[in-house]
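A.B. asks: For reference, the chains in residue letters:
There are 2 protein chains.
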Amino acid sequence: MQAIAIIAASGVGKRMKLPSGKTKQYLKLGVYPVIYYALSAFQQASSVEAIFVATLPSHIAYLQKMARRYGFHKVKFVIEGGKERQDSIFNCVEKIREVYGDDGALQDKVILIHDGVRPFIQPNEIDEIAELSKSFGACVPATKPKDTIKYIDGDDNRFFGETLDRSKLLQVQTPQGFRADLIMSAHQKAQSDSFYATDDAALTEAYFPEQKIKIFEMGYHNIKITTPEDMDLGKAILKRLRQSK
Amino acid sequence: MQAIAIIAASGVGKRMKLPSGKTKQYLKLGVYPVIYYALSAFQQASSVEAIFVATLPSHIAYLQKMARRYGFHKVKFVIEGGKERQDSIFNCVEKIREVYGDDGALQDKVILIHDGVRPFIQPNEIDEIAELSKSFGACVPATKPKDTIKYIDGDDNRFFGETLDRSKLLQVQTPQGFRADLIMSAHQKAQSDSFYATDDAALTEAYFPEQKIKIFEMGYHNIKITTPEDMDLGKAILKRLRQSK
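One line per chain: the protein sequences are A and B, in this order.
All residue numbers for the first sequence refer to this note's numbering, where the first residue is 2 and numbers rise by one.
All residue numbers for the second sequence refer to this note's numbering, where the first residue is 2 and numbers rise by one.
In case anyone wonders, no lab produced these hints; they're calculated from the structure.
Given the structure is predicted, the values throughout are model-derived calculations rather than measurements.
Be careful, since some hints might not be right.
One copy or two, either will do: identical chains are not told apart, so a pair holds if it fits within one copy or between any two.
Once the Cα atoms are required to be at most 27 Å apart in a straight line, the calculated BS3-like pairs of lysine-lysine come out as [to be verified]:
1. Lys236 <-> Lys29
2. Lys215 <-> Lys84
3. Lys215 <-> Lys147
4. Lys225 <-> Lys147
5. Lys145 <-> Lys215
6. Lys169 <-> Lys190
Throw the hints in and build the complete structure from the sequences for me.
C.D. replies: The following block contains the structure:
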């Protein structure tokens with residue numbers, strides 16, 4: 002079973018309070034930049050045959066060089082991202098269509114879409130999600146929320162509304178896996194409708210509501226690096242993962 | 002304006018994978034145990050006049066000693082917690098009623114209920130929440146969720162249901178503040194109904210639905226320590242808070 006990975010690495014990281022021009026994917030986490038770890042994991046995952054990366058124009062050459070330097074030969078294309086994350090994924094989807102063609106080469110393939118700022122995904126987790134995406138059509142990793150979640154009442158952010166039943170909720174992560182035809186079609190429809198969803202799973206929900214999405218229960222290590230505190234946590238997780246190997 | 006604090010420190014921390022007898026409140030975070038930091042913050046908060054702590058019977062003497070040693074003279078009572086967190090809070094509520102009596106000494110008071118495993122709450126944040134609880138009747142700190150939140154479909158944890166609109170959601174934290182009569186009455190009703198809610202705010206929602214709960218937007222530092230990764234993050238936050246002082 003062969004999976005194609007898309008890695009979104011175009012975010013500028015407003016919450017990270019970085020000097021202009023700096024982006025969170027390229028901050029150093031231990032020895033390597035944040036983005037290195039996800040690329041390395043997808044390179045090692047045996048289910049993955051090719052990696053497409055969307056990033057800022059100013060970082061394309063840098064990423065291509067990184068891929069060569071560390072032997073990430075599965076990184077086939079590093080292309081320019083779009084305005085929003087979803088536009089970046091769409092650009093990769095279009096590139097995949099161009100490369101593989103429309104004559105059945107994508108049949109039986111799975112596409113895995115990952116945030117470049119989630120460095121701690123492990124190769125075996127990628128393989129499991131690829132396998133489940135193939136079997137069920139769609140599979141998304143998630144963890145149970147640690148805190149109680151409440152609605153905001155009205156639009157002015159002043160008061161709380163209803164409390165949600167936490168036992169019924171999951172916080173979703175990436176990589177999100179889908180049958181290639183399903184997610185490519187969803188992205189194409191969304192682009193022509195100018196419809197933006199919160200993530201790729203929500204896109205398929207919107208256009209293919211009959212497609213059930215399998216839950217893959219993930220550990221708390223697969224964090225998204227968005228704030229300065231996350232960089233600290235990231236360093237600690239990195240250390241812990243190394244010790245457990 | 003005077004506030005009474007309740008600190009819940011009876012949890013055994015199943016997710017922390019500790020040896021039996023060890024509890025997460027007493028793990029060392031830097032120089033001091035986790036619980037020290039919250040006690041210190043409530044001691045320093047000028048709005049707080051008294052602190053009631055509920056803990057395991059085996060830790061009562063230890064906490065009393067800690068309070069004496071570090072001059073936490075606002076810690077008036079360290080009592081035995083109950084089966085669930087809510088039972089522990091109820092025990093403190095009953096103790097407050099016993100100490101203050103029913104003849105109006107609690108009028109105009111606010112009760113702040115805090116998790117002993119949230120060490121990074123700051124004295125000025127406690128004072129602001131106390132003030133807002135007084136003005137609005139109830140005030141609860143919260144942060145925006147970083148991840149997309151989805152419902153679980155059905156009861157077997159296999160597939161996702163609907164995606165929630167993240168811009169309408171908040172993850173709630175503690176200290177949660179309430180007018181004393183309101184929260185004491187809610188806890189008493191819940192105890193006699195054997196009704197358990199996910200947190201104190203949800204208790205007041207259940208018994209006093211007309212009471213609006215004010216949102217206090219909190220930073221990401223006010224984490225709850227529940228997993229080994231949280232201890233690592235905690236050490237990093239501690240360092241960051243010290244540097245910023």
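A.B. asks: Can you give me the call for Lys215 and Lys147, within, between, both or neither, at a CA distance of at most 27 Å?
C.D. replies: This pair counts as both: shortest intra-copy Cα distance 21 Å, inter-copy 21 Å.
A.B. asks: Between the shortest in-copy and the shortest cross-copy C-alpha distance, which are at most 27 Å for Lys236 and Lys29: within, between, both, or neither?
C.D. replies: both (10 Å within a copy, 19 Å between copies)
A.B. asks: Up to 27 Å between alpha-carbons, please classify Lys169 paired with Lys190: within, between, both or neither.
C.D. replies: Result: close only across copies, 26 Å inter versus 30 Å intra.
A.B. asks: Cα distance capped at 27 Å. Does Lys145 pair with Lys215 within a copy, between copies, both, or neither?
C.D. replies: Both: 15 Å inside a chain and 26 Å across chains, each within 27 Å.
A.B. asks: At most 27 Å between alpha carbons: which applies to Lys215 and Lys84, within, between, both or neither?
C.D. replies: Classified as neither; 29 Å inside a copy, 35 Å across copies.
A.B. asks: Can you tell me if Lys225 and Lys147 fall within 27 Å by alpha carbon in one copy, between copies, both or neither?
C.D. replies: both (16 Å within a copy, 8 Å between copies)
Hint 2 from the list above is the single one not met by this structure.
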